[in-house]
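Trainee: Model the full assembly from the supplied sequences, consistent with the hints where possible.
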Amino acid sequence: MRTPGPRSGGRVATLPCPMTRLLLADDHRSFVEVLAVLLGAEPDLQVVAVSRPDEALRVGRSGSIDVAVLAVDGAGGDYLSTGEALLAARPDIRLVAVAQGCDVATLARVLRTGFRAWVPKAEGVDALLDAVAAVLRGETHVPPLLLTELLAHLFREEAEVRTAETRLAALSTRERQVLEAMAHGWSGAEIAEELAISPNTVRTHTQNILAKLDLHTSLAAVALARRAGIAGP
Amino acid sequence: MRVLLCDDHRLFVEPLSAVLVARGHETRVVTTLAGAVRALDDFEPELCVMDLRLPDGSGLDGVAALHRRRPACPVVVLSGSVDRRDAAAAVTAGAAGFLSKAQPMSAVLDALDRLGAGEQLAPASWAFQDAEPDEHRRVRELVAGLTGREREVLHRLVEAADTLEIARALGVAPSTARTHLQNVLLKLGVHSRLQAVSLVVQAGMGREP
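In order, the protein sequences belong to chains A and B.
Going by this note's numbering, the first residue of the first sequence is number 1, and it counts up by one from there.
Going by this note's numbering, the first residue of the second sequence is number 234, and it counts up by one from there.
Just so you know, the hints here were simulated from the structure itself, not pulled from any lab data.
Check before you lean on any hint, since a few could be wrong.
Calculated from the model, a selection of chain A residues having no Cβ within reach of chain B, i.e. all distances over 12 Å [said to hold, decoys possible]:
#1 Gly77
#2 Leu128
#3 Leu215
Derived pair list, reagent style SDA-like, types lysine to any residue, alpha-carbon separation capped at 20 Å [what the hints assert, rightly or not]:
#4 Lys212/A x Asp395/B
#5 Lys420/B x Leu375/B
#6 Lys420/B x Gln435/B
#7 Lys420/B x Lys212/A
#8 Lys420/B x Arg382/B
#9 Lys212/A x Glu180/A
Residues from chain A shown here face chain B by an in silico Cβ test under 10 Å; the list is partial [what the hints assert, rightly or not]:
#10 Phe31
#11 Val32
#12 Val37
#13 Pro43
#14 Gln46
#15 Val119
#16 Lys121
#17 Gly124
#18 Asp126
#19 Pro143
#20 Ser187
#21 Arg226
#22 Ala228
#23 Gly229
Positions of the beta carbon are idealized from the N, C-alpha and C atoms, including for glycine.
Mentor: This is the structure in structure tokens:
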């Protein structure tokens, strides 16, 4: 098997910037450190490795990072919200997700957050370098096979959301609020207190919600709300 | 020293291999247990580094297999896990040590050097911890404590099934379904079906509890 080693400068021409500053973040410190050693040997890369979300934020916000490579699932930690915060502070930063699995729902969430690339850990260093070069060119970089699944997932989700939204459109603003609170697992009493109405009114709202949605249980209503994306995950 | 690296995360093991080569070692990277066993004969490693989760089985079986075939070659586990139980299981399987990927690279390289020199590894107890029981883990453990039947009930619950539908899906009497339901709520420590669903969905387990 080929033993990876420092590469020649052949890639310089493919990167738009003369020197790219890369942030690597994953809870597995030895992983980011060995990767940083290898990537640091690239003539056009400057690499910082961190293994805690707060460090990733501090370094990423400092303003000099071009690309942040962040773990998004599995034992390497979840830097999804870190990526979101980085993007809010530095809209020009490019985010690359490094993932243990190939879960298409996670991939969809990652891309929705603003990540531009997805690299499975089972892939080699070349795949990561390709992804970094791609995001620097403004591209989105997802393994083609996953892309097929992703599109199917998104279309299905879109259809589900549209159906659910159509049904929920029948609800009044107040009823929507009650449904949302129910989806968070609140009791009738808690909902009454939060919305400053009587428990009886909550009950009436609930009955109206079920009648309008043509459903028999709050549980079914909540499931519908979740499909429409109005109630948390 | 000839070091065999067995890990299907090439993004980790390729750079690790490069670092070891730069330190004067010879390496072979394999990504499956079968590959590791094959490499025993044609690579004749003096040290094996094994991940716990591999595409064709558990690294623990790998440790046992390598240890049996070549007792003179120490096998060390290098895993993403920092769980005490994994460490204990690895040592029981015959591992010469248990390293965590969460350790700094220098600590891992140092440990490999010492193993190669025939030294024993002191148990790096700081590397193992009972990870903070965050909310997701807590919920996962609660769900893991359910029986298969109860998990099925919970799954139906997330799909918004009512008692009758659950009974039908499970092929049991409604009263039995109700008993299962009550047990699910009891074990999850919640008071309503809605709370149960909200709990598992917020722990990211909505699709397959």
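Trainee: When the nearest CB of chain B is found for Pro143/A, is that gap smaller than 10 Å?
Mentor: Since the shortest Cβ distance to chain B is 13 Å, the answer is violated.
Trainee: Should the interface hint for Pro43/A be scored as holding, given a Cβ-Cβ cut-off of 10 Å against chain B?
Mentor: At 16 Å from the nearest chain B Cβ, Pro43/A fails the 10 Å test, so the hint is violated.
Trainee: Regarding the assertion that Leu215/A does not contact chain B, is the least Cβ-Cβ distance greater than 12 Å?
Mentor: Check fails; 8 Å does not lie beyond 12 Å.
Trainee: Hey, does the Ala228/A contact hint survive, CB to chain B under 10 Å?
Mentor: 13 Å, violated
Trainee: Hold the hint about Ser187/A up to the distance rule: shortest CB distance to chain B must be less than 10 Å.
Mentor: With a closest approach of 7 Å, the Ser187/A hint holds.
Trainee: Taking the closest Cβ pair, is Lys121/A under 10 Å from chain B?
Mentor: 4 Å, holds
Trainee: Interface hint check: Phe31/A, Cβ to nearest Cβ on chain B, cutoff 10 Å. Holds or violated?
Mentor: 5 Å, holds
Trainee: Would you settle whether the hint for Arg226/A is holds or violated, based on the nearest Cβ-Cβ distance to chain B being less than 10 Å?
Mentor: 7 Å, holds
Trainee: Between Lys212/A and Asp395/B, is the straight-line Cα distance small enough, at 20 Å or below?
Mentor: Judged against 20 Å, a Cα distance of about 19 Å means the pair holds.
Trainee: Is the shortest C-beta separation between Gln46/A and chain B less than 10 Å?
Mentor: It is violated, given that the least Cβ distance between Gln46/A and chain B is near 16 Å, above 10 Å.
Trainee: Taken at face value, is the distance from the CA of Glu180/A to the CA of Lys212/A at most 20 Å?
Mentor: 15 Å, holds
Trainee: When you look at the beta carbon of Leu128/A, is every beta carbon of chain B farther off than 12 Å?
Mentor: 6 Å, violated
The structure is inconsistent with the numbered hints 1, 2, 3, 7, 13, 14, 19, 22, 23, although it conforms to all the rest.
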